[in-house]
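With chain A held as given, fit chain B onto it using these hints.
Just so you know, the protein sequences line up as chains A and B, in that order.
Letter by letter, the first sequence follows residues 1 to 326 in full-length UniProt numbering.
Letter by letter, the second sequence follows residues 1 to 118 in full-length UniProt numbering.
Hints are computed from structural coordinates only; laboratory data are not their basis.
In this text the structure is predicted, and so the values were computed from the model without any measurement.
Cross-link-like lysine-lysine pairs, in silico, DSS-like; alpha carbons within 30 Å at most:
1) A:K28 x A:K108
2) A:K23 x A:K111
3) A:K203 x A:K225
4) A:K28 x B:K12
5) A:K108 x B:K12
6) A:K257 x A:K161
7) B:K12 x A:K109
8) A:K295 x A:K108
9) A:K223 x A:K257
10) B:K35 x A:K223
11) A:K28 x A:K111
12) B:K35 x A:K135
13) B:K35 x A:K257
14) A:K257 x A:K225
15) A:K161 x A:K203
16) B:K12 x A:K23
17) A:K295 x B:K12
18) B:K35 x A:K161
19) B:K77 x B:K12
20) B:K12 x A:K111
21) A:K203 x A:K184
22) B:K77 x A:K28
23) B:K77 x A:K23
24) A:K295 x A:K111
25) A:K203 x A:K257
26) A:K203 x A:K135
27) A:K23 x A:K108
28) A:K135 x A:K257
29) B:K35 x A:K225
Residues from chain B that face chain A, not an exhaustive set, calculated with beta carbons under 8 Å:
30) S9
31) F18
32) V29
33) F54
34) M66
35) M70
36) E75
37) A78
38) F79
39) V83
40) T86
Note that beta-carbon positions come from the ideal geometry of N, C-alpha and C, so glycine has one too.
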Amino acid sequence: MEATVTTAATKENIWDGGNEPLKVSYGKLMMWYFILSDSLTFCGFLVGYGFTRYKFMDTWPIADEVFNHFPFLHGVDAPMYYVALMTFILIFSSVTMVLAVDAGHQMKKGKVATYMFLTILGGLVFLGSQAWEWKNFIQGSYGAVETRGGSILQFVGEDGKQIALSDFSITDPNREDVSLTRAKGTWFMSGSSAPTYSLEEVKAGFEANPNLRIRTQNTTDAKHKQILSREESLTRLNDAVFVVEGANMIRNEYGHKTFANFFFFITGFHGFHVFTGILINVIIFTNVLLGTYQKRGSYEMVEKGGLYWHFVDLVWVFVFTFFYLV
Amino acid sequence: MASETAHHSNTKRIWTVFILLSIVTIVEVVLGIFKPESVHHVHIFGLSLLNYIFIILTIVKAYYIMWAFMHLEQETKAFRWSVAGTLSFLCVYLITLVLIEGDYVYEILQTQQQKWIF
Numbered sequence: 001m002e003a004t005v006t007t008a009a010t011k012e013n014i015w016d017g018g019n020e021p022l023k024v025s026y027g028k029l030m031m032w033y034f035i036l037s038d039s040l041t042f043c044g045f046l047v048g049y050g051f052t053r054y055k056f057m058d059t060w061p062i063a064d065e066v067f068n069h070f071p072f073l074h075g076v077d078a079p080m081y082y083v084a085l086m087t088f089i090l091i092f093s094s095v096t097m098v099l100a101v102d103a104g105h106q107m108k109k110g111k112v113a114t115y116m117f118l119t120i121l122g123g124l125v126f127l128g129s130q131a132w133e134w135k136n137f138i139q140g141s142y143g144a145v146e147t148r149g150g151s152i153l154q155f156v157g158e159d160g161k162q163i164a165l166s167d168f169s170i171t172d173p174n175r176e177d178v179s180l181t182r183a184k185g186t187w188f189m190s191g192s193s194a195p196t197y198s199l200e201e202v203k204a205g206f207e208a209n210p211n212l213r214i215r216t217q218n219t220t221d222a223k224h225k226q227i228l229s230r231e232e233s234l235t236r237l238n239d240a241v242f243v244v245e246g247a248n249m250i251r252n253e254y255g256h257k258t259f260a261n262f263f264f265f266i267t268g269f270h271g272f273h274v275f276t277g278i279l280i281n282v283i284i285f286t287n288v289l290l291g292t293y294q295k296r297g298s299y300e301m302v303e304k305g306g307l308y309w310h311f312v313d314l315v316w317v318f319v320f321t322f323f324y325l326v
Numbered sequence: 001m002a003s004e005t006a007h008h009s010n011t012k013r014i015w016t017v018f019i020l021l022s023i024v025t026i027v028e029v030v031l032g033i034f035k036p037e038s039v040h041h042v043h044i045f046g047l048s049l050l051n052y053i054f055i056i057l058t059i060v061k062a063y064y065i066m067w068a069f070m071h072l073e074q075e076t077k078a079f080r081w082s083v084a085g086t087l088s089f090l091c092v093y094l095i096t097l098v099l100i101e102g103d104y105v106y107e108i109l110q111t112q113q114q115k116w117i118f
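Just chain A, with the same shape it has in the complex (with noise of 0.2 Å):
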C-alpha cells in the first residue's frame, strides 16, 4: 500500500525526507510529468502539420470539403457535423470520468463503478466513430486524377459541386489495364489492382460532358479552390497519369500527398491513445468491482487514470482546432 499511494509520514524537517513539498503523491507526480512529456509529442505532430501547411499555403486542402460525411445522410454535404458529435462524445466520456474521481474521493464504490463503466462506453463509441470517419477517408467519395508533376485535379459540374469519376466515365469492355489477378496470371501471381475507372474511360467521359470542369488545388483569393474553364480543362487533363480513388499513403484524392499522411498520423496516434486509455480504464474498473480499492482506503488510481484520460480529450480539442477547423 505504501508503494500504490504515499502518504506524508512526517511532518518535521523539509529536509529530513518523507514529506511532500508540492503536496502531491508520487504516482500523481508521474502520471503529470508524464502527460506532459506526451503532450510535447502531440505538439510535435501538430507542429509538423502546422509547418507542412505553411510551405504548401496555396495548395492545401479545405477540411471541410474533404470531411463532410454523416452516418444515414448519403451525398448530403454535412461538413463539421461528425467531428462535433466526436467531440462532443469526448467531452462527455470526459465528464462521466471526472464524477467517478469525484465519487472515488466520497467512496462510494457503486458511484465509481457506474461512471467508469460509462466512461470506458464513451472511449469504445469515440473509438468506432474513428474508424467509420478513417473508412470514408480511405475509400473516398468521388475520385480524382493525379498530373504527371503530382498535382491533384478533382471534377466539378457547373454549379462547383464536384463530381465522383463513377457518374461520369465511359466504360470501355475492352479495357486493357485491369487488375493481375492469380485467375489472369500464367503463375501465382498478382499486381497492383487497377482503379475502378481507367484513364482513358475517364478522359472519354469527361470529353462527352461538356458540362464538366477541372477543379485544381490552388487555392483563389476568395477561399475556394480554383476552377478552369472548359478549354483550359481539356488542355489540363493531358497532363494526368493516374487515376486516384481514396486514399493511402502514397497518393489521395483529396490533394497534397502529405495531407492523407498527417491525417493517418495524428489521429491514428491520437486513437492509439484513446485505445490504451480504454485499456487502462477497464483494469481500473476491474479493480473497482473486486473492492481493491476499497480495500486500499484511498481511490488515488481512478484519479490517476483520469488525468490520462483528460488528456486525451485535451488533445482531442486541439487536433479538432487545428485539423478540422483552422
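Same frame as chain A, now just chain B:
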C-alpha cells in the same frame, strides 16, 4: 490528497464546466460551418481573424479541462505551473520557430525553379 477533498462533492462545478465546454464547441462548429466573411477574410499577420478566434476558444477549452477536470486548480501553485508553464513555454517557442520556417520555405517555393515537391 484524497483525505482533504473527501468531504465535499464537486458535481455542480463539473456540470457547469461541461456546459461551458459544450457552448464553446458549438460556437466553434457554427463559425466553422458558416465562416462569416467579416472574420474569415480579415488577416492579421497573415492569419485569418477566424483562426485567431478558433485558437483562443481552444485555449479556453484547454484551460477548463486542465484546471477543472484535471484538478489543477486544487494543486499547489508550484506544481500547477511546473506543468502548465513548461508546456505553454515550449509549445509557443516551437510553434513560433517552425511556422516562421514554414512560411520561409513557402516564399522560396514561389521564386525557385522547383515548383512542387522538395
